[in-house]
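8 protein chains.
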Amino acid sequence: VYGAGKDVGQAVAIVAALRAAHPDRAALVTRAAPELVDALRGAYPDALAEAGCVAVGPLPDPRGTVCVVAAGTSDGPVAAEAAFTARVSGASVTRVTDVGVAGIHRLLASKETLDTADCLVVVAGMDGALPSAVGGLTGVPLVAVPTSVGYGASFGGVAALLTMLNSCAPGVVVVNIDNGFGAGLFAARVARRTSR
Amino acid sequence: VYGAGKDVGQAVAIVAALRAAHPDRAALVTRAAPELVDALRGAYPDALAEAGCVAVGPLPDPRGTVCVVAAGTSDGPVAAEAAFTARVSGASVTRVTDVGVAGIHRLLASKETLDTADCLVVVAGMDGALPSAVGGLTGVPLVAVPTSVGYGASFGGVAALLTMLNSCAPGVVVVNIDNGFGAGLFAARVARRTSR
Amino acid sequence: VYGAGKDVGQAVAIVAALRAAHPDRAALVTRAAPELVDALRGAYPDALAEAGCVAVGPLPDPRGTVCVVAAGTSDGPVAAEAAFTARVSGASVTRVTDVGVAGIHRLLASKETLDTADCLVVVAGMDGALPSAVGGLTGVPLVAVPTSVGYGASFGGVAALLTMLNSCAPGVVVVNIDNGFGAGLFAARVARRTSR
Amino acid sequence: VYGAGKDVGQAVAIVAALRAAHPDRAALVTRAAPELVDALRGAYPDALAEAGCVAVGPLPDPRGTVCVVAAGTSDGPVAAEAAFTARVSGASVTRVTDVGVAGIHRLLASKETLDTADCLVVVAGMDGALPSAVGGLTGVPLVAVPTSVGYGASFGGVAALLTMLNSCAPGVVVVNIDNGFGAGLFAARVARRTSR
Amino acid sequence: VYGAGKDVGQAVAIVAALRAAHPDRAALVTRAAPELVDALRGAYPDALAEAGCVAVGPLPDPRGTVCVVAAGTSDGPVAAEAAFTARVSGASVTRVTDVGVAGIHRLLASKETLDTADCLVVVAGMDGALPSAVGGLTGVPLVAVPTSVGYGASFGGVAALLTMLNSCAPGVVVVNIDNGFGAGLFAARVARRTSR
Amino acid sequence: VYGAGKDVGQAVAIVAALRAAHPDRAALVTRAAPELVDALRGAYPDALAEAGCVAVGPLPDPRGTVCVVAAGTSDGPVAAEAAFTARVSGASVTRVTDVGVAGIHRLLASKETLDTADCLVVVAGMDGALPSAVGGLTGVPLVAVPTSVGYGASFGGVAALLTMLNSCAPGVVVVNIDNGFGAGLFAARVARRTSR
Amino acid sequence: VYGAGKDVGQAVAIVAALRAAHPDRAALVTRAAPELVDALRGAYPDALAEAGCVAVGPLPDPRGTVCVVAAGTSDGPVAAEAAFTARVSGASVTRVTDVGVAGIHRLLASKETLDTADCLVVVAGMDGALPSAVGGLTGVPLVAVPTSVGYGASFGGVAALLTMLNSCAPGVVVVNIDNGFGAGLFAARVARRTSR
Amino acid sequence: VYGAGKDVGQAVAIVAALRAAHPDRAALVTRAAPELVDALRGAYPDALAEAGCVAVGPLPDPRGTVCVVAAGTSDGPVAAEAAFTARVSGASVTRVTDVGVAGIHRLLASKETLDTADCLVVVAGMDGALPSAVGGLTGVPLVAVPTSVGYGASFGGVAALLTMLNSCAPGVVVVNIDNGFGAGLFAARVARRTSR
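Quick note, the sequences are listed as chains Y, C, L, G, E, F, W and S, same order.
FYI, our numbering numbers position 132 of the first sequence as 132, with every residue one higher than the one before it.
Here our numbering runs 1000 ahead of the position in the second sequence, where the first position is 1.
Here our numbering runs 2000 ahead of the position in the third sequence, where the first position is 1.
Here our numbering runs 3000 ahead of the position in the fourth sequence, where the first position is 1.
Here our numbering runs 4000 ahead of the position in the fifth sequence, where the first position is 1.
Here our numbering runs 5000 ahead of the position in the sixth sequence, where the first position is 1.
Here our numbering runs 6000 ahead of the position in the seventh sequence, where the first position is 1.
Here our numbering runs 7000 ahead of the position in the eighth sequence, where the first position is 1.
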């Protein structure tokens, strides 16, 4: 359920319908405003919430590992959405934060964490160069997420999106700007298959 | 080795160097002009060649299955590049051809082939709508490849690229326009991990 | 009368002038803010209002049928504007809602409704793929309406607009982003001619 | 059959297959190079050919009238494609040529021809203003076709496309740049329904 | 003095400096917010103000005539800025309002007013087609002003700008979007020279 | 007559028709290929030809002066088209060549030539900055012509076009990229009125 | 530290950490909101603040001179950011303000100030033409900064950015729109090296 | 002298004029076609030529060092143009080739070469990520050059240009796409000042 643009009543009703139809799995709401988070937590006391995402209902046992890598603190919310979605979609999640192409040594220090994941989600705004560097360090499947962080000729994330589509590292795939949800879901699907 | 923009001598020399450095795995050339294909076949009689791609050296045993889906005959060369790359990168490959959103029944008839793959590569030009339809039919990880097929406001594949980035089917990831190589490599990486 | 950007006084005066000049047919206001809707209903108690549209005066007897198809709930306001306009412009209107390319079976179930219309209006945001699928199912004239629903690289509806202009289904025509009015008017013109 | 990008052998084979599958209706090839036109005429002596389009097989009896309006002589090929397609798709066709917004009196002199059509196809490049003027003169359903005629900031037809999408005349619908085929097919569908 | 983005104190100080430096001619402020208009009127009781423009000081005797033509009521503020600027810059001004390409007869009725001007300023948003029609009716020098009126694929006036740059009427020149000031100044320069 | 895209026969026929219809004034062909220039000179021995433009028939007596200013030698053909058109349209023409913003002293040395013209045409590619500098030196009406000279992010003249539309010199108007014809015609209309 | 998008607590904490890690050099915050400026001044009474920038800690002894040139008052904040950054980064700073291409004499009067600098930062919005003029006057290394000042087809600074990238003056380099920080830092690096 | 678009005679004449006017320094021709290179070598036997650049006349004694870094072999011609220009403009030149973000270890191995330069020129196409990585390794002034190498959504170098403008490494400046000349000239100016 994409929470943005839906009012609290609409969103709560959709969650209730999903819970009734699929009691065995969690309903996931993303881009939820604080009031919606509160309403869902009020209705479902054991709901999990983080970074504007809320999961209501039982989570699947995790299979496989998704590692979410983020360049800067501004990219944090999108990375958190990806991580939360991956967990709700049934994968274990590890995080690597505050690494960047302009500080390459910290990235090199994380190589083992990267190599032991089953799928990577790499989140970056501004120049969007991080996936190229990560993709050069490891052969783990890598999903790049451009964020709208930046100003001027970043055009709300378009610059980072183009960088990633043109990555000189082979085998990088891309999702829409700020689409942490899509990246997390895709990565979890890959990770869960890995350990079948 | 990206063959476009390299002359035959350059490309043959790079292949020879790669063969020497890595005798246990194949060197892959993409976007090879006919003269380059001929030169490589002359130098390496057991080279495999298809759709402007040439593989020189032993292929890995296939693990896992990549299914390459293509909308129209014009998308054929990109789909063939993806399929060839996936095979050279170590996956088995199945093909579904000539299905499209505007002829949805033929797509529905292919559902079992789609469901039994470990990763899908869906190639489409013009409106780029096919990945949305395929992604709605199956939960297998799906890599969408926009092609430059079209005219007018297709802008050399940009229209299809945007369609795919905005796909209403969850969990669709995208590569650059006409980048069959990138999609095939990524899909093979996913497929090989699946069956580990 | 395009209500957006006009204040209540201006809009009410234009409607009064239209009513005086053409007492035999309804004046139509679109994109009316709630205060304008209230003002018109106050002045014309039998005015019809829905989705920011208000019709003042006698509606023509309906001739022919326009079917308005919408992909998601977010596309609802534009679809409602199209349907209201088509009815005020003299056609009967049927609706198909909440169908999408990513859930193709629900669309297939609506085939008879589609086939019995004289003109279709298909409304979709995000990837804008729905008109291609509908156009593949039926030969009824089809007007596609892209909506500004989406985020990131949807560019306020441009992605959906390009998808529709490049539709692989033959005979799809397109109107401006969010232009439910234009689509509804055109479709009613076609439908009324059909049954002449 | 879209002839551009297919070689003569491919195209002739597709036509043969279509003729075999649907002997009762004509196969239509558009954007055919002269060699392809010759090959089809050689194989099918009674084939009709005009403006890079070839029709092979029996044409339907015409029902309803499509009027194709073109601004300048440079827009002629696209207008001819639209007219040929409309005729092959089963409508009678009338033509108005060499009228333009900058010479409005010639357009006014054609009003009766416009009013007696069942659907209009209006073709224009450069500023793309003609559909607005025609749409202000008549209430007949109007399909606008931008052409790639122009230079500089016409961007290969994008300027005309945007003009038409933003037409101040209500009820104008648009197809892709240079897409005479799509406009002709759509208009014939409307015209044939009109006279049912 | 471009008033937008300057606070009242800044703008008043600049006007005072201009008045001191050039007591023989008026200082012109455009895009003035209501508070700035009030402040200038308070400081200079005989200041002229209209449409967010304020002129402080003696106006030149008018020489020559500028005719400002506007398509719709939404284009009114830009047309008023052009007219006010032309008058302050030393030309007489006539106005033609509420004419459009989609209602061509009202435009034809204004032909004499157009022909007797020394320079035309034609203001239009949406499809921006009006200058082409006016330019086809008269050989008077014509400055086209695109406005940001429109929605969707009008892109804040870019569609109208492109239409005007590609006008099929010869001898049309263009200024920036919403730049009534520039058009009015240029037209007054032309008109004043005419009657020298 | 816009010569590009017309074959020699078509163009010669149009010129003959124009000569017959208007024997008292010259027919002007622009963007004529060398073969067309030769054909016209063969048919009309006293035709004038320069820079791909050909004038056939009697020129009007010149009234007023147009000064054509060009930044670099690459801008020469467009400047020549503007100058030729202005002369054929009835103005005297002066030229200032090889001045640029990056060599401002040569521009300053031409100030008197600029000031004595009735209308300026300023032609520039690359950064398109010259009209701003010229417009700051003189109050003569100024028509700016962007050219497609440049590479990389000049986007075929779009960079220069945008520069000119945003000129910080007041009263600069702009025509389409490479449109020397439109600028010359407009400037001649202004110049001829000046000396009435 | 880029202050925009960080709350006061985050930003103050980062500054404290930087001060602790690097007590010998100043921490620089740019794009600080007034509350953040106040908070930093409260915590560090000898902090320097200007134009939304705050420097906390000892400044390096200046070496070399950066001259910051600005076209209009609207470009002031970006120019001030560049000047402040250059000073904090260890260069002396001179300023030239309110010069422009449209008033070229004031620029010429500043030539000596330009020539005696070690690196220039030239800030301009709207047409972005100033760097071309400055670059033609002097051979000092020149960094151009486009600003988002403008309207209509200035596209938030893109027009100025393109002008600068296409500058006809050789040896002009460019930074992102409004990026006074990057230009000031780069220029200081050049200036400090100059006097080594 | 920019050789592209000039014929051999024009270019040779300009060089002769420059040699006569400035006998003490070299004339530099860039983007020279092979025939032009041959003509210049024929006329000036001691001319230096490389990568489509020719220098005629005495080179200055080198002062300071420019290091030109290139990502891939396809970027070679632009890197060679930058290096040649820097040398002709009076700097010593070092080269680092075939390093990339996706192979970060080779870049790290070049750190000392980078650190000992006075100015860096970093050339990259495709994702344009290399300047960010180099800028993170060293504080030497860095000029980034995007190249038109790439395909699909690289848009002829625009993707790399945007990446570089948005670099997350501070103090990166950018030149136009493929503008090795501008980068080399600027870098030489910086380097020569360094060692004064």
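Keep in mind that the hints were calculated from the coordinates and are not lab data.
Note that CB positions come from ideal geometry on N, CA and C, so glycine has one too.
Honestly, I wouldn't trust all of these hints.
[Unchecked claim] Computed cross-link-like contacts, BS3-like style, restricted to lysine-lysine with a CA-CA straight-line distance of at most 30 Å: (1) W:LYS6006 to E:LYS4006; (2) C:LYS1006 to G:LYS3006; (3) E:LYS4006 to L:LYS2006; (4) F:LYS5006 to S:LYS7111; (5) C:LYS1111 to L:LYS2006; (6) F:LYS5111 to W:LYS6006; (7) G:LYS3111 to E:LYS4006; (8) S:LYS7006 to C:LYS1006; (9) L:LYS2111 to Y:LYS111; (10) F:LYS5006 to G:LYS3006; (11) S:LYS7111 to Y:LYS111; (12) Y:LYS6 to W:LYS6111.
[Stated by the list, open to error] If you only want the chain G side, here are some residues facing chain F, beta carbon under 8 Å, derived: (13) TYR3002; (14) SER3074; (15) GLY3152; (16) ALA3153.
TODO: Quick one: which hint numbers does this structure break? Sort them smallest to largest.
DONE: 4, 5, 6, 7, 9, 12, 13
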